[in-house]
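Q: Sequence:
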Amino acid sequence: GFPISKTWFSIISSIMAIGALIASFFIGYIVDNWGRKQAMWLLCIPSLIGWGCIIWAESELMLCIGRFICGIAAGGWCIAAPLYTNEFSTVDLRGTLGTYFQLQTSSGILYIYIVGTFVSVFWLSVSCAGIVLCFAVLLIFLPESPTYFIKKGEVEKAKASMQWFRGRNYNIDSEIQVLKTSNDEIISNAVPMLTAFSTPAAKKGLLLGVGMMFYQQFCGVNGIIFYTATIFKESGSTLDPHYQTIIVGVVMTISTLISSWLIELFGRRILLLISITFMMVPLIGLSFYFYCDTHSINTSAFGWLPIASMSLFLISFSVGFGPIPFLYLSEVYSKQIAGYACSIALLFNWFFLFLVTSLFPFVSAYVGFAVSFGIFAIISFTGIFFVILLVAETKGRTLEEMQLILGGQPSSPSGRTA
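Heads up: the sequence shown runs through residues 1 to 418, numbered per my numbering.
If you are wondering where the hints come from, they were derived from the structure by calculation, not from laboratory data. As the structure is a prediction and not an experimental result, all values here were calculated from the model. Some hints could be false.
[Stated by the list, open to error] Dumping the calculated PhoX-like pairs for lysine-lysine here, alpha-carbon to alpha-carbon at most 20 Å:
no.	residue 1	residue 2
1	Lys395	Lys204
2	Lys335	Lys159
3	Lys37	Lys157
4	Lys157	Lys180
5	Lys37	Lys152
6	Lys159	Lys37
7	Lys151	Lys37
[Said to hold, decoys possible] Pairwise CB distance ranges, derived in the manner of DEER restraints:
no.	residue 1	residue 2	range
8	Leu389	Ser300	36 to 44 Å
9	Phe122	Ser188	55 to 63 Å
10	Gln177	Pro200	27 to 35 Å
11	Thr117	Leu355	24 to 32 Å
12	Ile140	Thr117	28 to 36 Å
13	Leu355	Phe122	27 to 35 Å
14	Gly236	Met62	20 to 28 Å
15	Gly167	Lys6	53 to 61 Å
16	Val363	Gly236	40 to 48 Å
17	Cys134	Gln177	32 to 40 Å
18	Lys6	Ile274	32 to 40 Å
19	Val363	Ser188	33 to 41 Å
20	Leu355	Val281	23 to 31 Å
All residues carry an ideal CB built from backbone N, CA and C; glycine is no exception.
Build the full structure now, drawing on both the sequences and the hints.
A: Laid out in C-alpha cells, this is it:
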C-alpha cells in the first residue's frame with residue numbers, strides 16, 4: 001500500500017459517482033436496443049477492468065482510474081437491474097422484488113466492512129473482482145426480459161422467458177397477451193422521443209424521479225456513514241472502528257430486508273413519508289448534540305444521543321428512501337421512455353452523490369457538524385411536503401394506470417383508474 005492524502009481521499013471517494021453519472025448518458029440506449037440482460041453482462045467488463053486497476057494500483061491516480069471505471073459499471077447496473085427485475089415480476093411481488101436491489105447494495109457494503117476487517121485492500125479487491133466474475137457466469141443462464149423480447153417481436157422467446165420465471169406448469173398466456181397488447185399500443189401511438197417526454201405524465205414522472213434522488217442523497221445518509229467513527233467516538237464509545245462500521249452495515253441490511261416485507265403491506269407512499277420524517281428527527285438530534293459539544297456544554301447526560309440518532313436514521317433510510325426510489329423509477333414511466341427516463345433520474349442521483357461526498361467534508365470542517373446536520377434536517381423537512389403533495393402510490397397499479405394518474409386523471413379507492 002501507499003499513503004493517501006486527505007485531498008486524494010476525497011477525490012477517490014467521489015470519482016466513482018462521476019463514472020456512474022457518465023454511464024447514465026448511454027445505458028438507456030443499451031438496455032432499450034441490446035436488452036436488459038445483455039446490458040448487465042456487458043457492464044461486467046468495465047467492472048473487472050476497474051477492479052484490476054485497483055488491485056494493481058501503485059499510485060493515487062491508478063486508484064482514481066479504477067474507481068472511475070467501476071463507477072461506470074455501477075451506474076449502468078443501477079438502471080438495468082431494477083428494470084430487468086420489474087419486467088419479470090408479478091404485480092403482487094413487484095414491490096418486494098424491487099427492494100432487493102437496495103438489499104444487495106446494503107449487503108455489498110456489509111461484505112466490504114466484514115471482509116475488509118480481516119484482509120488487506122489487495123485481497124478485498126480480488127474478492128470483489130471474483131464476485132463480478134461469478135455474476136457474469138451466472139447471468140449467462142438467465143433468460144432475457146420477456147418484455148424486451150415482445151418489444152423486438154420475438155414472441156416465442158418471450159414465452160420461453162416468461163415460462164422460465166413463472167415455472168413449468170404456470171399458464172402464461174394471459175400475461176403474454178397483456179405484454180403484446182401493451183407493445184402494440186406503444187407502436188401504434190409511437191411519437192418522437194421529445195414528444196413522448198412532453199406529456200403531463202412524463203413530466204411529472206421525471207419530477208418525481210429526480211426529486212426522490214435529490215432527497216435520497218441530500219438527506220445526509222453519506223454524511224452519517226462517512227463520519228460513523230466520529231459519531232461513535234463523540235458518544236464515548238471505545239469500540240474498534242472496524243466493528244463500528246460492521247454494526248452500521250448490519251443495521252442497514254436488516255432494515256432493508258424488513259422493508260421488502262413492509263412495502264407490499266403499507267405501500268410506497270406511506271413508507272416514504274415515515275422514512276423522511278424519522279430521518280429528520282435524528283438529524284435534529286445530531287445537530288443539537290454537536291452544537292452542545294462545540295459550545296462546551298456538558299453532554300454527559302445524553303452521551304447516548306449520537307448512536308441512538310444514527311441508528312434511527314439508518315433504519316428509517318433503509319425502509320424508505322433507501323430502496324424505494326429505485327423501485328419507483330421502474331413503476332411510473334411508460335415503456336417508450338422508461339430506459340431514457342431512468343437514465344435521466346439516475347444521472348441526477350449520481351450528480352447529487354458527487355456533490356455530497358465531495359463537499360460534505362469541507363463544509364463540515366468550515367461550519368461544523370451542528371450546522372451540516374441541521375441543513376440536512378431542514379432539507380428532510382421539505383421532503384415531507386414533497387411526498388405528501390406530489391408522490392402517487394404505485395402499489396398494485398399497472399404502468400398504464402400510473403400514466404393516467406400522473407396525467408391528472410382520478411383513480412378509484414381500490415387503486416384502479418376510474
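Q: Quick check: does the Cβ-Cβ distance between Leu355 and Val281 fall within 23 to 31 Å?
A: holds (24 Å)
Q: When you check the alpha-carbon spacing of Lys37 and Lys152, does it fall within 20 Å?
A: Given pair Lys37, Lys152 holds - Cα atoms ~14 Å apart, limit 20 Å.
Q: Could you see if the CB distance from Val363 to Ser188 stays within 33 to 41 Å?
A: At roughly 52 Å between Cβ atoms, Ser188 and Val363 fall outside 33 to 41 Å, so the hint is violated.
Q: Verify the CB-CB distance for Val363 and Gly236 against the hinted window 40 to 48 Å.
A: violated (26 Å)
Q: In this structure, is the beta-carbon distance linking Leu355 and Phe122 contained in 27 to 35 Å?
A: holds (31 Å)
Q: Could you say whether the range 32 to 40 Å given as a hint is met by the Cβ separation of Cys134 and Gln177?
A: 37 Å Cβ-Cβ, so the 32 to 40 Å window holds.
Q: Taking 32 to 40 Å as the stated bounds, is the beta-carbon spacing between Lys6 and Ile274 within them?
A: holds (37 Å)
Q: What's the verdict on Lys151 and Lys37, does the C-alpha distance respect the 20 Å limit or exceed it?
A: holds (14 Å)
Q: Assess, step by step, whether the Cα of Lys159 is no farther than 20 Å from the Cα of Lys37, and give holds or violated.
A: Judged against 20 Å, a Cα distance of about 16 Å means the pair holds.
Q: Straight-line Cα separation of Lys395 and Lys204 no greater than 20 Å?
A: holds (18 Å)
Q: Okay, Leu389 versus Ser300 on CB: inside 36 to 44 Å?
A: holds (42 Å)
Q: Using the beta carbons of Ile140 and Thr117, state whether their distance is inside 28 to 36 Å or not.
A: holds (33 Å)
The structure shown violates the earlier hints numbered 14, 16, 19.
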